[in-house]
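Mapped onto the working numbering, the consecutive letters of the first sequence carry residue numbers 199 to 327.
It cannot be assumed that every hint is accurate.
[What the hints assert, rightly or not] Below are the PhoX-like pairs computed for lysine-lysine, each with C-alpha atoms no more than 25 Å apart in a straight line: (1) K223 - K206; (2) K318 - K297; (3) K315 - K208; (4) K202 - K297; (5) K318 - K261; (6) K297 - K261; (7) K206 - K231; (8) K231 - K257; (9) K205 - K253; (10) K208 - K223; (11) K253 - K231; (12) K266 - K205; (13) K266 - K297; (14) K253 - K297; (15) K318 - K257; (16) K266 - K223; (17) K208 - K266; (18) K297 - K205.
[What the hints assert, rightly or not] Here are the simulated distance ranges between beta carbons: (19) E278 - K319: 33 to 41 Å; (20) K319 - V260: 29 to 37 Å; (21) R310 - K257: 23 to 31 Å.
To be clear, the hints were calculated from the coordinates, so they are not data collected in a lab. Given the structure is predicted, the values throughout are model-derived calculations rather than measurements. For every residue, glycine included, the Cβ atom is placed at its ideal position computed from N, Cα and C.
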Amino acid sequence: MSSKFPKKEKLKSESLIREIFKEGKSISSYPLKLIYLEIKVPVKTKIQCGVTVPKRNFKSAVKRNRIKRLLRESYRLNKEQIFNNIEGSFAFLFLYLGKEMPQYEEVEMNMRVILQKFLKKVPDEKTIK
RNA sequence: UAAACAGGUCCCCUUAUCGCGCUGACAGUAUAUGUUAGUGAGGAAAGUCCGGACACCUUAGUGCAGCAUAGCGGGUAACGCCCGUCUCUUCCGCUUUAUGUGGAAGAAGGACAAGUGCAACAGAAAGCAAGUACAGGUAAUGCUGUAGUGAAAUCAGGUAAACUCUAUGCGGUGAAACGUCAUGUAUAUCAACGUUUGAGGACUGCACGUUCAAGUUGAAGGGUAGGCGGUUAGAACUUAUGGGUAACCUUAAGUCAAGAUAAAUGAUAAGGAGGUCUCUUUGAGGCCAUACAGAAUCCGGCUUAUGACCUGCUUUUUAA
RNA sequence: GGCCCCGUGGCGCAACUGAAUAGCGCAUCAGAUUUCGGCUCUGAGGGUUGGGGGUUUGAAUCCCUCCGGGGUCA
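Produce the entire structure from the sequences given, and follow the hints as far as they go.
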């Protein structure tokens, strides 16, 4: 259960994506960047996650697909720590900002860093409120 | 033998762990979820340069305009594609000095004997005209030949990827088409009745023409976001047979081969095959683990990007 | 998924009804002027007209094809 990434957990709604770009908060660990937004309407799934690579940096569709797959894979293997330690629902969107083709290890390392940062940051914001 | 050239195939394989889309079966009230089985990118999926299928739009009429094609014949659902052939151009060879003949490659290859335009420099002159040198000739004259200029010279001159003419073809919009469900509300949609003016809109750019449109009654709805259908069995592929120079076609048998939608087809590890480089052969070690590249309604072509392997009887070229 | 437009020195533009030296302004460089610099004046360099092919005697211009950039449609 823990390391699956089914269709339901994918971020699909166009309006939600628009909202996330407009109002979402970001954490980055180059070349990755995470934009996230708390969903206030109650949804069944805890986290909806999307992945994107800009066409400006990678013209070839094959390379874009490859990077997106790497991002998804690394998220899938590491999402457990978030699922077990967080309250509420969130929408995630990962961006790849680099201009070179990455190796998998590189992507996974940065993914872990980002998720750690996220875990630290979110509870702090709640206490401030 | 190698390369050019032509044709064909698609690229890593096995195991383990984890994972994704679709379909079937089973469990389940269930389109939730789980288990299990099957299946899951290309020759170009690309560029969008042509041609269709399919769908809808007031059946899309007439004239003008516009666009496309262009020897001849065949193939095809159709084409600007393919095949054959004629002619022309270029190159090579042979014979011979005047052409003939053989081979290869290429060609948007109708008409300048309808009209209009254009032609730098050179040249007398590129056409409402004018006329050099030499020779010949005449009653006389650019009247005739040669020279000279130039891509082209009173020759029915050159040029149409100049306007144009001829022949043939072309209604428009594209899966964000279109159908349907749910959501539910603005005068904007639909149906019936009515139809003076003809503003304005629509039907292809324009004109003609056609048609809609103020009102009443009834039904129903706009925007936004979304589900399902369209959506994958087809001008399909493979093999054999017969026809045809060929493209291709006839007949028979067999096969079923992705349907995603912020968009699935992946990640890691080990071993093996392979390629390449280095060292001393056996062998060892390093690197790569492949090129170009990712379906988005579907077909037929064209163009472009590309690595490896396999085949080639005969024919052509190059090197040994 | 479809449609449309544009590529000319470093930058911004001309020349797009084919004609041989592809022009203009700014910028650059050199000289003059000035004690030095600026302004000003004079001169010079810098272009495979995005790449390739075709038509033509001749192509920035006409045609085909590829590359790059931009816009637009629910």
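We went through each hint and held it up to the structure:
About 23 Å separates the Cα atoms of K223 and K206, which keeps this hinted pair within 25 Å; it holds. About 29 Å separates the Cα atoms of K318 and K297, which puts this hinted pair outside 25 Å; it is violated. A C-alpha spacing of about 22 Å is found between K315 and K208, which places the hinted pair at or below 25 Å, so the restraint holds. A threshold of 25 Å between alpha carbons decides the hint, and for K202 with K297 the separation of about 29 Å lies outside it, so the pair is violated.
For the hint linking K318 to K261, the alpha-carbon distance of about 33 Å lies beyond 25 Å, and the restraint is violated. At roughly 11 Å between alpha-carbon atoms, K297 and K261 fall within 25 Å of each other, so this suggested pair holds. Restraint check for K206 and K231: satisfied, since their Cα atoms lie roughly 22 Å apart, inside the 25 Å limit. Note on K231 and K257: the hinted pairing holds, with a Cα-Cα distance of about 20 Å set against a maximum of 25 Å.
Under the criterion of a C-alpha separation no larger than 25 Å, the hint pairing K205 with K253 is consistent with the structure, at around 24 Å. Note on K208 and K223: the hinted pairing holds, with a Cα-Cα distance of about 19 Å set against a maximum of 25 Å. Taken as a hint, the K253 and K231 pair is honoured in the structure, with Cα atoms around 16 Å apart against an allowance of 25 Å. Distance restraint check for K266 and K205: the Cα-Cα separation of roughly 15 Å lies within the 25 Å cut-off, and the hinted pair is therefore satisfied.
Restraint check for K266 and K297: the C-alpha separation of about 14 Å stays at or below 25 Å, so the hint holds. Between K253 and K297 the alpha-carbon distance is near 11 Å, which keeps this suggested pair within the 25 Å criterion. For the hint linking K318 to K257, the alpha-carbon distance of about 36 Å lies beyond 25 Å, and the restraint is violated. Between K266 and K223 the alpha-carbon distance is near 21 Å, which keeps this suggested pair within the 25 Å criterion.
Proposed proximity of K208 and K266 is supported: the alpha carbons are some 13 Å apart, at most 25 Å. Under the criterion of a C-alpha separation no larger than 25 Å, the hint pairing K297 with K205 is inconsistent with the structure, at around 29 Å. Between E278 and K319 the beta carbon distance is about 19 Å. The supplied range of 33 to 41 Å is therefore violated. As the Cβ distance of K319 to V260 is approximately 35 Å, the hint placing it in 29 to 37 Å holds.
For R310 and K257, the hinted distance range of 23 to 31 Å is satisfied, since their beta carbons lie about 30 Å from each other.
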